[in-house]
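Chains as they are written, first to last, in my numbering: chain A, 1 to 188; chain B, 1 to 766.
Since the hints were made in silico from the structure, they are not lab data.
Be aware that one or more of the hints could be misleading.
Stated by the list, open to error - What follows is a set of in silico ranges between Cβ atoms, one per label pair, in the way DEER data are often shown:
(1) A:Gln125 x B:Ala744: 39 to 47 Å
(2) A:Ser60 x B:Leu207: 49 to 57 Å
(3) B:Arg680 x A:Leu142: 46 to 54 Å
(4) A:Ala165 x B:Thr489: 42 to 50 Å
(5) B:Ser599 x A:Leu142: 43 to 51 Å
(6) B:Val218 x A:Glu139: 48 to 56 Å
To be verified - To be clear about the criterion: a stretch of chain A counts as covered by chain B if any three or more of its residues have a C-beta under 8 Å from a C-beta of chain B, and this derived list gives those stretches:
(7) 77–83
(8) 126–140
(9) 155–169
Note that the Cβ used here is the ideal one computed from N, Cα and C, for glycine as well.
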Amino acid sequence: MRAPILSLLILLMPLRLFADEGVAVGQFENGSLGVTVFANPVPVHAGPLDVTVLVQEIPSNQPVTDATVVFSLQKVSHPSPDRVRLPAWCSSSPPGSWIEASSAHSGNKLLSGAYLPLPESGRWQLTLRIIRGASDFTESILLDVASPRNLLAVWWPLIALCPLAGALYAWRAILIRRRRGRFKPGAG
Amino acid sequence: MGIHEKRETDSARGRGSLTAESLVLSWRFEPVPVIGLTLAALVYFRGWRRLHGQLPARFPVERLVSYLTGLGAVIFALASPLDAFAGWLLIVHMAQHLLLTMVAPPLILLGFPMLPLLAGLPRPFVRDGLGPFLTSPALHRFGRFLVHPFFAGPLFILSNLAWHVPALYELALGSQGWHQFEHLCFLGTALLFWWPVVQPWPSRPALPRWAMIPYLLVADLQNTALAAFLSFCGRVIYPSYSTAPRISGLSALDDQAGAGAFMWVSGSMAFLVPAGYIALQYLSPSRSKYFHENAGRKSSLKPRRPFDLLLVPVIGPVMRWKFFRPFLQSIVLLLALAVLLDGLLGPQVSPMNLAGVLPWVHWGALTAIALLAVGNLFCMACPFTFARDIGRRMFPSTRTWPRALRSKWIAVAVLAGFFWSYEFFNLWSSPWWTAWIIIFYFAGAVLVDGIFKNASFCKYVCPIGQFNFISSLVSPMEVRVREAEVCSTCKTHDCLRGNSLQRGCELELFQPAKSGNMDCTFCLDCVKACPHDNVGILAVAPGRDLIADPRRSSVGRFAQRPDMAALVLVFVFAAFVNAATMVTPVRDLQEGVSRVAGSQASGMAWGIVFVFSVVVLPISLAWICGRLSALASGGDIRWITNGFSIALAPLGFAMWLSHVASHIFSGILSPWPVTVRIFRDLGFGPVAPDWNIPTFAFEGLTGLQILLLDAGLLLCLWILWRKSRDISGRAFPVFLPWACLATALYAAGIWLAFQPVDLRGTIVMP
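Please model the complete structure; the sequences and the hints are all you need to start from.
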């Protein structure tokens, strides 16, 4: 019956679940198209921001997958001192440049998205340009960007594996000592 | 219908199929769960195969199919479009949860996973690692308590009810972490719930079998009540679904009612069908037949021989083929020549030149991956010894390597000098210098081995070889004898001396007395020379050779080799220093110093700092730790310092791996445009290279780096602890200074993993 614990551990260990597409941060309509914008993480922190967009036809709600979506970020508040260095997997384009969204970015293939660089905290304006056939329009969303996340706070579960393994090893040693005590000649 | 209308209809139909395609293709690949569940499947399969041979009636193919289908259901729930659209449609989210609670757990448990998983894991790990837990009476009681129907049933119901409370459901929808925890609760409590129902062998039931009928009926009652509430509530319970984008014709309320109906029907089937089956089983007169059919069968398992790579079909015969090594070496030699020529004649821009890309990014990373997965495969394919072998036909070596130089001290100096010049002269940014290093290397190998017999260059000089020898101390495979008894009757010792057809070990490693991978180039000469076919590439526990310290053939005891300890210390500290020089904060600091002090003075200062960090600091720290451990144990300081320094190798290797991981994922495609450029330069194609190559770096790369460092630290600490126990009854004071040193290095590694890396030799798309 120790096996239930073992089986559970073996099964649950790899069960780090999959990222969601984020939280809706904006919804707008223009002509025959409706657009929902998702961001991850929310609240938004300085660093890479995962932005995805769902474009739909109105009023049928039919998702549109052939629209071209591009993003641009512009700082609208004063410069902040807490600049963050962006990792290699995030675009390093300077503020104001256009970054094209891709449907390969998300698991959900109805969405187009990209990692956008937010090098510092403050208020940022996210501009989206949607192009589909004759429709070509831009919309903007204001994002309040908090200070960069402490990476220790993000990755602590993996760092905690070492102390956890140490504790298990110590527990194992205690169990072995107890077992030796139990089977010692003359011990009960 | 007019032409215009027809075009619009076609366009709409095309969009419709495109959307359906997008829906079906909305799968995610996340390496951690996929690799984790694949490992669980492989471990199970390995154990099941053994048990199937011994207990075919207990472990038929159906068990394997059931277990794998169960794991597949988990993957399907978490990676398929079900997960992608769970946040938009409650009915899809419900299907996902039902897979996790009512499909995957019973299927997994029907595979009787306990024994196959135990039999599939490495035996020493089960015996020494899990054994104390598995035989603990307290854990035994706790396990029985967890799967007791009076605990598992209410826990499952509570989990189901609690996570359907709007506040908690919304919490999970809005937060990735809580969503993960919710799924974990569902799967975990469902596994406990289904345990007494399936009662996987060899567990014993806590209640009579008939008790499972009311147990399942109560669960069904809860499921029905919840489903009915969702179906007939009349308002949207979870606000996220009323604001989610609607991608189907269903309104949020219809979606909720559909989810309730789905839960009702499928839940009832999941609970009532097994309840009915148990009732029939209980009433059947032949119910005990199955449980006794294996009673008379012996359950003893055959002893398991270690995995031998040379016995694997296709791979084994290919590796033993006479021309396998020359074939590998000639391929790498051609690559080396291409690198050399491009380095000398091509553009002197590192990311645009083969000499800037292949040696510093891909070769390092592929070598490290091969060392992690198998062993020292680079030395097996070494182009320098190939050139040396050709050179020896003209200059047959006659002298033996001087006795005074038979140590690793020259290699320590060359390795430290190589790391220093790499930083000081920015070798990575100079294709021309890279090409000259390759020329010097070829010249050195031909010259040294043209004068001295055997593989003196590999053993005493080659810095790449030393790097590989140390790394391979933690490799999972080793060239060694299959049966020790066979060697005890051997008189010819062909593995060492060779014979008329095959030369013996040039590094003077006598197989019966060989232990670990130190100084082994995986040349397989011993394999081919052994007349008894008694040498293989066998699986070993990584780091095993670092714990015990036997007298090894041609290597001796590590504790008596200060040169070997110095080599490992340089290898370990250089891993951290090399990574540090590429992260942005250190680069900023370097530039700041350069601005203040001038580039020449700054270069000198950094050169001194480098030598201090790679040579002086590690030796000083090792001496201090050795001194403290010697004081605690009363042992010899030299023995302790040498032996324990070598135990740091796993951490150093983990740091190298962590570092090269960031390079290889970022720039894996970087040779492609360089190759296109070379072909264009040679006049084979007019296509201009596209230097904007995509990066394969991903958000979880930092996590992968941390996991590698975790593994390195844990292996290092375990080896240090075992060594401390071996030399003193009071192991902890002996262990403590070294553990502090290893932990400090680990902390430095974590800090480095958090920093953006300057991707030398790589252009990536912005």
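Evaluation of the provided hints:
Between Gln125 of chain A and Ala744 of chain B the beta carbon distance is about 44 Å. The supplied range of 39 to 47 Å therefore holds. Taking 49 to 57 Å as the suggested C-beta distance range, the pair Ser60 of chain A and Leu207 of chain B conforms, at roughly 55 Å. Range check, Arg680 of chain B to Leu142 of chain A: about 48 Å between beta-carbon atoms, so the 46 to 54 Å window is met. Between Ala165 of chain A and Thr489 of chain B the beta carbons are some 44 Å apart, a value that agrees with the proposed interval 42 to 50 Å.
A hinted range of 43 to 51 Å holds for the C-beta pair Ser599 of chain B and Leu142 of chain A, which are about 45 Å apart. For Val218 of chain B and Glu139 of chain A, the hinted distance range of 48 to 56 Å is satisfied, since their beta carbons lie about 53 Å from each other. Under the rule that three or more residues need a Cβ within less than 8 Å of chain B, the assignment of the segment 77–83 of chain A is violated, with 0 such residues. With a threshold of 8 Å between beta carbons, the proposed coverage of the segment 126–140 of chain A by chain B is violated, since 0 of its residues qualify and at least three are required.
Counting residues of the segment 155–169 of chain A whose beta carbon lies closer than 8 Å to any beta carbon of chain B gives 8, which meets the minimum of three for the stated coverage.
Of the numbered hints given earlier, the model fails hints 7, 8; all others are met.
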